[in-house]
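**Q** Sequence:
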Amino acid sequence: MRIGEIAARAGVSRDTVRFYERMGLLDEAAQPHLSNNYKEYSPLALRRIELITHAKALGFTLKEIGDVIVAWGQDGLAPSKKSLLIQKKICEVEKKAHSLSILRVALSDALNKVESGCTDESLPQSKETM
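In the working numbering, the protein residues as written are 1 to 130.
Hint data in this document are derived by calculation from the structure and do not stem from the laboratory.
Careful, some of the hints might be misleading.
The list that follows gives simulated cross-link-like pairs (lysine-lysine, PhoX-like), each with its CA atoms no further than 20 Å apart [claimed, not checked]:
hint	residue 1	residue 2
1	K89	K56
2	K63	K96
3	K63	K88
4	K95	K63
5	K63	K82
6	K89	K63
7	K81	K56
8	K56	K88
9	K56	K95
10	K63	K81
In this text the structure is predicted, and so the values were computed from the model without any measurement.
Please construct the entire structure, taking both the sequences and the accompanying hints into account.
**A** Here it is as structure tokens:
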């Protein structure tokens with residue numbers, strides 16, 4: 001796939017693809033024809049861009065995403081070390097999921113108050129504020 005196709009399929013801009021490549025988040029695309037500057041991106045590059053986009057949407061930084069990608073790609077890294085790094089990321093995801101769950105409950109409560117016409121002033125005060 002050329003850059004325009006991979007960008008369209010991944011839902012990102014061409015500049016984003018180039019940026020990810022410069023950052024080392026994507027492997028260097030092949031240039032099969034030395035007579036032009038066209039690069040060919042693999043299906044793996046598309047999957048990686050989709051992973052990056054999804055992880056960013058969940059609040060991970062490019063550095064955090066890059067750490068996992070680099071660790072996964074290091075042949076010299078022991079499987080136990082790769083496993084540990086991935087388990088750490090799973091733990092972070094679980095913490096974020098828990099935080100999001102708490103936020104969801106608070107937002108649902110706020111929505112119920114708005115829909116019922118109830119305001120914070122009309123609610124009974126807690127013992128702490130009395």
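**Q** Checking against the hints above, which ones are violated?
**A** Per hint list: single violation, 7.
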